[in-house]
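Order-wise, the sequence lines are chains A and B.
With my numbering as the guide, the letters of the first sequence map in order to residues 10 to 187.
With my numbering as the guide, the letters of the second sequence map in order to residues 89 to 388.
Because the hints were derived from the structure by calculation, they are not lab data.
A hint or two may mislead.
[Stated by the list, open to error] Here chain B is said to cover these stretches of chain A; the calculated rule only asks that three of the stretch's residues, wherever they fall, bring their Cβ under 8 Å from a Cβ of chain B: (1) 35-44; (2) 97-103.
[To be verified] Selected chain A positions facing chain B (Cβ under 10 Å, derived; list incomplete): (3) V90; (4) I111; (5) R144; (6) D171.
Note that CB positions come from ideal geometry on N, CA and C, so glycine has one too.
Each chain is listed here by its residues.
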Amino acid sequence: MMHSPLFGKLSGSEEILLPVKPLYITATLLAALMINLLPLTGWVLGLRPDFVALVLLYWGIHQSRKIGFLPAWLLGLGMDVADGSLFGQHALAYSVMMFAAIALHRRVSMFGMRHQILHVLPILLVMQLIVLGVRHAAGGEFPGWWYFLSSITGALLWPATDLLLKIPLRQRSDPDEA
Amino acid sequence: MEYTPPPFFRRGPSLLARLGFFTLLSLILLYADARFHYMEGMRKVIAVVLYPLQELADAPGQAASRIGNFFVSQSYLQRENDRLSHENFLHAGQLQSQQALVAENQHLRQLLEMQERAEQTSTVAEILYVGRDPFSRKVIVDKGSSQGIEEGAAVVDDTGLIGQVIRAFPWTAEVALISDREQVVPVQVVRNGLRAAVFGIGYDGALDLRFMPINADVENGDVLVTSGIDGVYPTGLPVAVVSNIERNAAYPFAKITCTPAAGPNRNRQVLVMSRLAPLPDYPVAPEVKKGKARKARKGG
Chain A
10 MMHSPLFGKL SGSEEILLPV KPLYITATLL AALMINLLPL TGWVLGLRPD
60 FVALVLLYWG IHQSRKIGFL PAWLLGLGMD VADGSLFGQH ALAYSVMMFA
110 AIALHRRVSM FGMRHQILHV LPILLVMQLI VLGVRHAAGG EFPGWWYFLS
160 SITGALLWPA TDLLLKIPLR QRSDPDEA
Chain B
89 MEYTPPPFFR RGPSLLARLG FFTLLSLILL YADARFHYME GMRKVIAVVL
139 YPLQELADAP GQAASRIGNF FVSQSYLQRE NDRLSHENFL HAGQLQSQQA
189 LVAENQHLRQ LLEMQERAEQ TSTVAEILYV GRDPFSRKVI VDKGSSQGIE
239 EGAAVVDDTG LIGQVIRAFP WTAEVALISD REQVVPVQVV RNGLRAAVFG
289 IGYDGALDLR FMPINADVEN GDVLVTSGID GVYPTGLPVA VVSNIERNAA
339 YPFAKITCTP AAGPNRNRQV LVMSRLAPLP DYPVAPEVKK GKARKARKGG
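Extracted from the complex, chain A is given alone in its bound form (with noise of 0.2 Å):
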């Protein structure tokens, strides 16, 4: 990586990307959220971003008219089984998560990769409060600060998540090579 997005003028507006297939969305949807299925415990855990609403977030802001509340309600019911967790809190979290990506798509991908992340944080953190109140309402408790780390390392995350999901997107420099 020569140049990082991280500093610098992003190059990623200007930038010309192939078209993204459905297919490739739901993949990358799929791989996010075997990532989260992964068996990690402790600290690790803690630290962990949620990466099917990283990834969710992103193609909701940079591909709004082909990602909807439906893909976000679906995984949000399967990570509610997964983690056993309420039925339908992870659906609400990333439902209303979704409304904030696609009513916010033109204004954040104005800016650069630093000011992104200024704009994912509040996003993943208004996901997490979301969770939190709901699991308050049915008589949960408070599990500690650290409970919001996921969303920190989240928005410390996009950047990279930008690079990896833009990655087959790019067009290949000699189109007869394949």
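On the provided structure of chain A, position chain B as indicated by the hints.
Leaving out everything else, chain B in the frame of chain A:
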């Protein structure tokens, strides 16, 4: 921020309407799950769909542990073998006397015309992963309802009680640990038979023995075993050892902290016990006249 397309580019209902729809749907599901537990069937369907993905996600870790097992040193195996054969020897002695005791117990129960104790079967299961929900303490094991695991079954390891199966999916099961905040285990002090309840406090390594009066006969080092009066846990499983007692006259109850006897961090293998035979029904209260019954309820 509000993005309204011109009328010739209609794209379905507005963003807010869609948000409202999905929020409402989620809230209905949440309410139905939290209050009435209506969603268990749907959970099972989704769990089956997710199962291959979960297996795939677990594969690297399991492969790593298998490779790790392959490279275990000779001396370690030798030492473990020595220890196990020693333990086996000790247990064999205990088992011999236990057989005599079981026969004697059965005989005495027959003499006293008491109910026979049901034989309990158990299934060995392996912990797949620790629950990811930060609001509860769970582990997920690799046996489910298709292997005969039922909801409510007690889960133990070689040293004592770990928890209870709260959801049995076809091939996996969720086990709530006794350290979960919502788990309560009815226990008995081995030394004097005093009954109490142990509460989880939300993290490993400590349990709370609540609602014991200040002068209760509990000492440091007392062993607590399940009392079995709840009809969920079998009698006599080690649960915890009392580790700290604070008796402050300002409070009605003593603050008693215990160290759990077992824990999911000790080893991967656990034993899922079968459900206990259902308890006999509550005795029916003798019929009394309405007026009297009301009075009695008031008094009680």
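Report task. Would you list, in rising numerical order, the hints stated earlier that this structure does not obey? Result -> 6
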